[in-house]
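These protein sequences, in sequence, are chains A and B.
Per our numbering, the very first residue in the first sequence carries number 830; after that it's consecutive.
Per our numbering, the very first residue in the second sequence carries number 44; after that it's consecutive.
These are computed hints drawn from the structure, not numbers from a lab.
Keep in mind that the hints are not guaranteed to be accurate.
[To be verified] Pulled from the structure, derived: some chain B residues nowhere near chain A, Cβ distances all over 12 Å:
no. : residue
1   : 79
2   : 95
3   : 97
4   : 98
[What the hints assert, rightly or not] Restricting the straight-line Cα-Cα distance to at most 20 Å, the calculated cross-link-like pairs of lysine to aspartate or glutamate (EDC-like) are:
no. : chain 1 : residue 1 : chain 2 : residue 2
5   : B       : 131       : A       : 1049
6   : A       : 1021      : A       : 1049
7   : B       : 131       : A       : 1037
We put the CB at the ideal spot given by N, CA and C, even for glycine.
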Amino acid sequence: MANAMMAGRLVRLIAAVAVSVGLAGCAATPITTNLTASPPPGLPIVAELGDVPFFPQTEYFCGPAALATALNDSGVNVLPDVLAQSIYTPGRQGTLQTEILTGARRHGRLAIPVGGMAAAFSEVAKGNPVLLLQNLSLELMPQWHYAVLVGYDLKAKTVVLRSGETKRLVLEMKTLEHTWRRAEFWGVIVAKPEGPVPTNAGVTQWLEAALGLERVGRLDDALTAYRTAIHQWPDETAPLIATANVLIAQGALAEAEGVLVHAYNQDAEDPIILNNLANVYLERGKCKQAEIMAEAAVAAGGPFLAISNDTLATVRAAPSCHQSI
Amino acid sequence: MFNTIKSKSVAVLVIASVVQSVVPIVPAMASVIGNEQVLERQSVADSRSTVEAFMSREDVRSQFESLGVNPDEAAQRVAALSDAEVAKLADQIQSSPAGQGFGTIIGAAVLIFIVLLITDLLGFTHVFGFTNKGSANPG
Chain A
830 MANAMMAGRL VRLIAAVAVS VGLAGCAATP ITTNLTASPP PGLPIVAELG
880 DVPFFPQTEY FCGPAALATA LNDSGVNVLP DVLAQSIYTP GRQGTLQTEI
930 LTGARRHGRL AIPVGGMAAA FSEVAKGNPV LLLQNLSLEL MPQWHYAVLV
980 GYDLKAKTVV LRSGETKRLV LEMKTLEHTW RRAEFWGVIV AKPEGPVPTN
1030 AGVTQWLEAA LGLERVGRLD DALTAYRTAI HQWPDETAPL IATANVLIAQ
1080 GALAEAEGVL VHAYNQDAED PIILNNLANV YLERGKCKQA EIMAEAAVAA
1130 GGPFLAISND TLATVRAAPS CHQSI
Chain B
44 MFNTIKSKSV AVLVIASVVQ SVVPIVPAMA SVIGNEQVLE RQSVADSRST
94 VEAFMSREDV RSQFESLGVN PDEAAQRVAA LSDAEVAKLA DQIQSSPAGQ
144 GFGTIIGAAV LIFIVLLITD LLGFTHVFGF TNKGSANPG
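Looking at chain B on its own, in the form it has when it is part of the complex (with noise of 0.2 Å):
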């Protein structure tokens, strides 16, 4: 009888703890569908999208970090990152475009020097400044 009771006291307790847990201090804050979720369509319900997009988070600052970006910085520009462009560039940072501008033809053999020379005149490319034709400051 004794046990029974004290039972009874222990599995109210253990409700009460989790109804409390359920219930927020600030409920109206919880369950607000906020603009992530709005505007990327995503429902929060689904975990599994939830773990993959950290996973990629976690991928790209890594890779970030790899390529000489520092800790605090990658860190950083993962966090601007929507989930759709992480996904993106968790596959493609090695390989998707990287702006820079001059130097990567320096080392070309000549034959590919004389190729984009002429493809540079046809107007195909513009790999060498000297070959823009009506440039009032050619570079």
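So here's chain A without its partners, still in its complex pose (with noise of 0.2 Å):
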């Protein structure tokens, strides 16, 4: 009798708490229940990506797990002990978001966010997996933990998750919904150089994960990265000043000269463009059409104004076209 009533008071105790932590607010999970009711047109019903390996986590390497189960997919052979060195961080028994960034950038692919569950699901549908960061309990007190998303089914409302020690971990989508929302939807697209570009990436978001590859060194990536971008985005004009400096610091001028002249035809008024045609000019002795150029750059004016006035000034003071000017 007493035990029943100790019992009761537990129960009670229990739910007093667990309604406190907040569970009132976070019961909702109105993007499954859109994603479901009305799935988006184009998207597939269900979509799985079974030929993703896995890496079953140690210890506190979900991270390298992760990130090993992604890279793997996109080409690059590597595994989690590996890149745990460049990745891990000990004394936070884990590993950053930006590391799982940088760890891409350092094996040549490219980190793309994709935020959401409806965007998320268009990728996988389109054949890429995507890893996520999840905080698997209550905010209160957060347990991080990184998955790469595989699968779902809009129908039997699940996911499937490379996740752990789990090869297929097939877990509600309301409780991603509610793990992942707890990360902000964090998520990233490991993206090889030559594409394909995820569909929801923008110009600017794989333009700035390609300048990650310059910053590690690999201008061959960078090169083929942002080429990719020209082909995607041929409107874009940052695509090609890109490539242009890519080659400039790799000695081809000629092929930078025909870059940054295309670039030039689409808008001639751009000062980035203007002023780093002067200067491929000049390097390649056409003094007259680099003092043109830098002409119009200094004219053009906008942040970069002090360097196309010093450009000018180095046109206007380079001894090989005192001759031709």
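Combine the two chains into a complex, taking the hints into account.
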């Protein structure tokens, strides 16, 4: 009798705690409700990438395991233990989000952000697994975890993850929504420099990810990624400027000139294109054209005016140009 | 008179050396607007932000070392980051999410265990593998 009363009290206490830790606030899963009730046009009801490899997690190494899964799927053969040396931080007993990004860069891949469930499902349907961060526990005592989304079923309201020690973890879609929301829907696609470009990626995201490849010294990979952007977004001039800059760094000036002229034909008033083209013309001994471009760059103004002024002064002072100008 | 000529020639020498240092040997390369500037819309002329970025990088690098990452590796990790990523990490390296998976709940009190068990069963959380309903291969 006393035991039953105690038990009753305990249940009430637990219920009270459960409510007070904010369950009332996080009980709704509007995205799951919307996606399953009215699937977006063009999105298949079921998709699963069965061929995505699996690396079981050991200890705190869910970051290396998840990144190894995504990297191997994109053709980079690397084991979690090797990745751990470059993305695991002992003092935090885990892997920071930025380390996932830099880990991909250091293996010649672009980490492209994917925000939210609808975008993630459409990527999975296109063949791209999504590496995501979950908070498996409550906000009060977070338990951060990386997993890779490889499938979903809008009818069964489930998702499939490569997660921890489980190769094919089938999770209720609403649980993914809860646990992913607590990590602000942070997720990335690991993409090859030659593409395909993820469906939801914008030109800026792609170029910034490619710049990451430059930062780790992978110029050839960066160049490939910038050229992929030229094909993907033919109306944009930024991919052309970026491509030319790598070519300049590699000493391929004739090619750089061709790319910048292409950019100039698209936008003859962009001070960056004008300034950089002036520099390439000068290096190639085309002094008159260099001066015309440098003058136009100065006239165009903008935040890089100081550099354009330098360029113009340099062109006018260049000894090799004195005869021809 | 002699002094004037001497000081003039010194002045000419000084000017010549200044001009030489202003006009680099490979002029074109020095004035190209690079991809960091193009994509991060960051002006080279803004030296304050350059200094801040440098300090943040040093800060993050030493924090990585204090978290047990060896110095060479710490330097490589920082080099791979953009200025924006460094700035964010500088403030949050101790507190930002670090995915780890298991282990953190082991020492938790019984009450917390029961709360998480209930939230797991309701599908709000996913702390314990054995509560996973419908898994083909529960872990």
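We went through each hint and held it up to the structure:
Taking the minimum C-beta to C-beta distance to chain A, about 7 Å, the non-interface status of residue 79 (chain B) is violated against the 12 Å cut. No Cβ of chain A comes within 12 Å of the Cβ of residue 95 (chain B); the nearest lies about 18 Å off, and the non-interface call holds. The non-interface label for residue 97 (chain B) is consistent with chain A: the shortest C-beta to C-beta separation is roughly 15 Å, beyond 12 Å. The beta carbon of residue 98 (chain B) sits about 18 Å from the closest Cβ of chain A, which is more than 12 Å, so the claim that it is off the interface holds.
A C-alpha spacing of about 28 Å is found between residue 131 (chain B) and residue 1049 (chain A), which places the hinted pair above 20 Å, so the restraint is violated. A C-alpha spacing of about 12 Å is found between residue 1021 (chain A) and residue 1049 (chain A), which places the hinted pair at or below 20 Å, so the restraint holds. A threshold of 20 Å between alpha carbons decides the hint, and for residue 131 (chain B) with residue 1037 (chain A) the separation of about 16 Å falls inside it, so the pair holds.
Checked against the numbered hints given earlier, the structure breaks hints 1 and 5 and satisfies all the rest.
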